[in-house]
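Undergrad: In numbering that gives the first Met the number 0, the protein residues as written are 0 to 137.
Just so you know, the hints here were simulated from the structure itself, not pulled from any lab data.
A couple of the hints might just be wrong.
Have a look at the derived ranges for each label pair, beta carbon to beta carbon [what the hints assert, rightly or not]:
#	residue 1	residue 2	range
1	134	59	22 to 28 Å
2	105	48	27 to 33 Å
3	94	48	21 to 27 Å
4	88	26	19 to 25 Å
5	49	113	34 to 40 Å
6	48	113	19 to 25 Å
7	116	93	21 to 27 Å
8	114	49	33 to 39 Å
9	98	120	35 to 41 Å
10	130	70	18 to 24 Å
11	47	25	20 to 26 Å
Simulated pairs of lysine to aspartate or glutamate, EDC-like, Cα-Cα distance not exceeding 20 Å [stated by the list, open to error]:
#	residue 1	residue 2
12	87	134
13	76	27
14	87	27
15	76	59
16	87	59
17	87	98
18	87	47
Everything numeric in this text was worked out from a predicted model, so none of it was measured.
For glycine and all other residues, C-beta sits at the position ideal for the given N, C-alpha and C.
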Amino acid sequence: MADIRLLQIPSDGAVTYKIPGEVPLRAEGIVSLAQAVVNNLLTTPGSDALSPNRGAGLGDLTRRYRTNSSDLREEIKSRVDELAVEMKNEQQELDLPPDETLASMSVSGVNRNSDDPSQLDIFITVRSAAGQNAEIQV
0 MADIRLLQIP SDGAVTYKIP GEVPLRAEGI VSLAQAVVNN LLTTPGSDAL
50 SPNRGAGLGD LTRRYRTNSS DLREEIKSRV DELAVEMKNE QQELDLPPDE
100 TLASMSVSGV NRNSDDPSQL DIFITVRSAA GQNAEIQV
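Sequences and hints are given; from them, build the entire structure.
TA: Put into structure tokens, the structure is as follows:
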């Protein structure tokens with residue numbers, strides 16, 4: 000697979016992509032909510048030009064807190080709490096079904112990866128407004 004793919008764009012600017020195989024399905028319910036949470040957790044603030052404050056930037060944290068893991072754990076919990084508030088505020092403006100609406104989100108664990116101690120496993124519990132739970136590992 001190439002690192003860069005060049006596409007010739009027609010003069011009308013319309014570009015279409017064909018996805019091989021079956022027609023992709025839209026995630027629904029708690030799966031859709033979990034996808035939105037993971038996307039927001041890993042998005043670095045400032046990386047989205049249309050929404051520069053969006054994201055918790057968890058991927059950037061591990062580089063900054065290599066030596067003090069208790070500070071890292073506190074920062075992760077703080078960012079997840081802030082993200083929960085942001086997502087709830089954003090979702091108030093949307094017409095989402097209850098099973099795709101965030102009720103709560105909390106860090107249930109931050110552990111060193113047993114196979115690679117330089118990596119962290121972050122466990123986050125997500126609860127939808129419909130009362131469904133999802134455990135996410137990042």
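Undergrad: State for each hint whether it applies.
TA: Right, here's what the structure says about each hint:
1. For the pair residue 134 and residue 59, the supplied restraint of 22 to 28 Å holds, since their beta-carbon distance comes to about 23 Å.
2. The hinted range of 27 to 33 Å is satisfied by residue 105 and residue 48, whose Cβ atoms lie roughly 30 Å apart.
3. Here the CB-CB span from residue 94 to residue 48 is close to 25 Å, well matched to the stated 21 to 27 Å.
4. As the Cβ distance of residue 88 to residue 26 is approximately 22 Å, the hint placing it in 19 to 25 Å holds.
5. For residue 49 and residue 113, the Cβ-Cβ distance of about 39 Å falls inside the hinted range of 34 to 40 Å, so the restraint holds.
6. With their beta carbons about 38 Å apart, residue 48 and residue 113 fall outside the hinted range of 19 to 25 Å.
7. Distance hint check for residue 116 and residue 93: the Cβ-Cβ separation is about 40 Å, which falls outside the suggested range of 21 to 27 Å.
8. The given range of 33 to 39 Å is respected by residue 114 and residue 49, whose C-beta atoms sit roughly 37 Å from each other.
9. The hint said 35 to 41 Å for the Cβ distance between residue 98 and residue 120, and at roughly 26 Å that hint is violated.
10. Remark: the range hint 18 to 24 Å for residue 130 to residue 70 is contradicted by a beta-carbon distance near 34 Å.
11. As the Cβ distance of residue 47 to residue 25 is approximately 21 Å, the hint placing it in 20 to 26 Å holds.
12. Simply put, residue 87 and residue 134 have alpha-carbon atoms about 18 Å apart, close enough for the 20 Å limit, and the pair holds.
13. Taking the CA atoms of residue 76 and residue 27, the gap is near 27 Å; set against the 20 Å cutoff, the hint is violated.
14. With a C-alpha separation of about 18 Å, the suggested pair residue 87 and residue 27 falls inside the 20 Å cut-off, and the hint holds.
15. Simply put, residue 76 and residue 59 have alpha-carbon atoms about 14 Å apart, close enough for the 20 Å limit, and the pair holds.
16. Between the alpha carbons of residue 87 and residue 59 the distance comes to roughly 23 Å, so the proposed pair goes past 20 Å and is violated.
17. The suggested pairing of residue 87 with residue 98 holds, with an alpha-carbon distance near 13 Å, which does not exceed 20 Å.
18. Using a Cα cut-off of 20 Å, the hinted pair residue 87 and residue 47 holds, with the two alpha carbons roughly 19 Å apart.
When each numbered hint is compared with the structure, violations occur for hints 6, 7, 9, 10, 13, 16.
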